[in-house]
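Trainee: Below, each chain spelled out in residue letters.
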Amino acid sequence: MTEKLQRSVIEPENPLLNASRNSNLPHVPGIRIGDYIFLSGMVPVDPQTGERSHGPIAEQVRVTLSNMRHMLESAGSSLERVVRVHVVLADISHMAEMDRVYREFFPVDPPARTAWSMQLRFGNGCEIECVALAG
Amino acid sequence: MSAKREVIPLPVRAPDTASGSGPPASMVVRGGDFLFVSGLTAADLQSGERMLGTTANETRQILINLKQLLDAAGSSLDKVVKVNVLLRSMLEEPNMNEVYARFFPDQPPARTVCGARLPDGVKVIVECTALA
Amino acid sequence: MREIIAAPLAGLDLRKHYGHHQSPAVRAGGLIFCSGMLPVDPHTGERRHGTLTSEAHVVLGNLKLLLESAGSSLERLVQVHALIYDSIEYDVLNRVYRQYVANGPPARTVWTVQIEAGFKIQLDVVAAA
Chain A
1 MTEKLQRSVI
11 EPENPLLNAS
21 RNSNLPHVPG
31 IRIGDYIFLS
41 GMVPVDPQTG
51 ERSHGPIAEQ
61 VRVTLSNMRH
71 MLESAGSSLE
81 RVVRVHVVLA
91 DISHMAEMDR
101 VYREFFPVDP
111 PARTAWSMQL
121 RFGNGCEIEC
131 VALAG
Chain B
1001 MSAKREVIPL
1011 PVRAPDTASG
1021 SGPPASMVVR
1031 GGDFLFVSGL
1041 TAADLQSGER
1051 MLGTTANETR
1061 QILINLKQLL
1071 DAAGSSLDKV
1081 VKVNVLLRSM
1091 LEEPNMNEVY
1101 ARFFPDQPPA
1111 RTVCGARLPD
1121 GVKVIVECTA
1131 LA
Chain C
2001 MREIIAAPLA
2011 GLDLRKHYGH
2021 HQSPAVRAGG
2031 LIFCSGMLPV
2041 DPHTGERRHG
2051 TLTSEAHVVL
2061 GNLKLLLESA
2071 GSSLERLVQV
2081 HALIYDSIEY
2091 DVLNRVYRQY
2101 VANGPPARTV
2111 WTVQIEAGFK
2121 IQLDVVAAA
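Chains as they are written, first to last, in the working numbering: chain A, 1 to 135; chain B, 1001 to 1132; chain C, 2001 to 2129.
Incorrect hints may appear among the rest.
Only part of the chain C face toward chain A is listed, based on derived beta-carbon distances under 10 Å [said to hold, decoys possible]:
#  : residue
1  : R2047
2  : R2048
3  : S2054
4  : V2078
5  : Q2079
6  : V2092
7  : V2101
8  : P2105
9  : P2106
10 : V2113
11 : E2116
12 : A2128
Using 25 Å as the maximum straight-line C-alpha spacing, the simulated SDA-like pairs for lysine to any residue come out as follows [what the hints assert, rightly or not]:
#  : chain 1 : residue 1 : chain 2 : residue 2
13 : B       : K1079     : C       : K2016
14 : A       : K4        : C       : Y2018
15 : C       : K2016     : B       : N1095
16 : B       : K1079     : C       : I2004
17 : B       : K1079     : C       : Y2018
18 : B       : K1004     : A       : A90
19 : B       : K1067     : B       : L1010
20 : B       : K1079     : A       : S74
21 : B       : K1079     : C       : R2048
22 : A       : K4        : B       : L1091
23 : C       : K2064     : C       : Y2018
24 : B       : K1004     : A       : H94
25 : B       : K1004     : A       : E59
26 : A       : K4        : C       : A2006
27 : A       : K4        : B       : G1032
28 : C       : K2064     : A       : F105
29 : A       : K4        : C       : R2015
30 : C       : K2016     : B       : L1091
31 : B       : K1004     : A       : R69
Here are a few chain B residues that face chain C, going by a calculated C-beta distance under 8 Å [unchecked claim]:
#  : residue
32 : F1034
33 : A1101
34 : Q1107
35 : A1110
36 : R1111
37 : P1119
38 : L1131
Hints are computed from structural coordinates only; laboratory data are not their basis. Each residue gets a CB set at the ideal place from its N, CA and C atoms; glycine is no exception.
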């Protein structure tokens, strides 16, 4: 019988990006389990102020992926170790813009990805979630 | 010892996205014990040409492609552990399910199906995780 | 190797009751991947439509049964996709959900989607084995 894997909580070094804690929500920014890191969906938040960061979709995607990079690096991983991404857009017509920015963050050997559109809360233009390999 | 990440090189082409070229995504990525497959839409795997049609037909093409991708990556449909199916309309669930059942005859993987707004006029997207 | 986890109670066999071509859960690589859990009676499989609150209790209760039968538990959840029919129910979802994951909640993303049979909630989860 193999030993049970232990799970541990991932938190960002920048506390302003800890939406779980700051908003007292029943989740954590991420969980590490064995070889994997599962991150909660991330939305556009200004890393300087912790406030929602709205504006053109390109900027929203950029700040979200920057924050994701920070989250993974806080956990000893990196964008290069991401294996799967879910990109959700509030507006399906933003796909092209999103792709253009997304490419900047995953220029080589990008992870597997599924992208679609759904209603998002609080006027967020995007929500991005990923699974990555631990460092 | 950190787990290995590898993009599985495959002689395939994903359909162009709204940005005018293939998506910035790898179709199959190995991470540790698992293969992570991107959300697939109905298309010709060689040319990347979209094959839009009924939900049943799109599902069939996607799963034919998935079998090919997994086999080429050294895995197989019977090593799939989890599938997520996104449908343009949940009314189409039975049509998708009927085709889907033929590809996973025994001991099917875990699955979640839901309806959402899908890009590029597709009726269905299938994403999965399989053992490498 | 992957291992199919059978429904611990007859009602949780959605393939049998509804023809959904899926296994309740699959264990592989130290993880348990569960099929999207719906508000069905775990004994009879009957749909238990209600408020988001009542449906969430049924779903979480079912997940507890399923995971515990597989040697896991809600405390070992690692990732949840909380599918709800309308994001207006976000706070309601949290109020119920919180009760079940009090000891260290997992990562979570909320998806506002169309769910089958007009259900208000479905939970798609991965747990540690």
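Trainee: Take the hints in turn and mark each one as holding or not.
Mentor: Quick rundown of the hints versus the structure:
no., hint, result
1, R2047, "violated, 24 Å"
2, R2048, "violated, 22 Å"
3, S2054, "violated, 18 Å"
4, V2078, "holds, 5 Å"
5, Q2079, "holds, 4 Å"
6, V2092, "violated, 12 Å"
7, V2101, "holds, 6 Å"
8, P2105, "holds, 5 Å"
9, P2106, "holds, 5 Å"
10, V2113, "holds, 6 Å"
11, E2116, "violated, 16 Å"
12, A2128, "holds, 5 Å"
13, B:K1079 - C:K2016, "holds, 22 Å"
14, A:K4 - C:Y2018, "violated, 34 Å"
15, C:K2016 - B:N1095, "holds, 18 Å"
16, B:K1079 - C:I2004, "holds, 11 Å"
17, B:K1079 - C:Y2018, "holds, 24 Å"
18, B:K1004 - A:A90, "violated, 34 Å"
19, B:K1067 - B:L1010, "holds, 13 Å"
20, B:K1079 - A:S74, "violated, 33 Å"
21, B:K1079 - C:R2048, "violated, 33 Å"
22, A:K4 - B:L1091, "violated, 41 Å"
23, C:K2064 - C:Y2018, "holds, 21 Å"
24, B:K1004 - A:H94, "violated, 33 Å"
25, B:K1004 - A:E59, "violated, 32 Å"
26, A:K4 - C:A2006, "holds, 20 Å"
27, A:K4 - B:G1032, "holds, 17 Å"
28, C:K2064 - A:F105, "violated, 38 Å"
29, A:K4 - C:R2015, "violated, 29 Å"
30, C:K2016 - B:L1091, "holds, 20 Å"
31, B:K1004 - A:R69, "holds, 19 Å"
32, F1034, "holds, 6 Å"
33, A1101, "holds, 4 Å"
34, Q1107, "holds, 5 Å"
35, A1110, "holds, 4 Å"
36, R1111, "holds, 4 Å"
37, P1119, "violated, 15 Å"
38, L1131, "holds, 5 Å"
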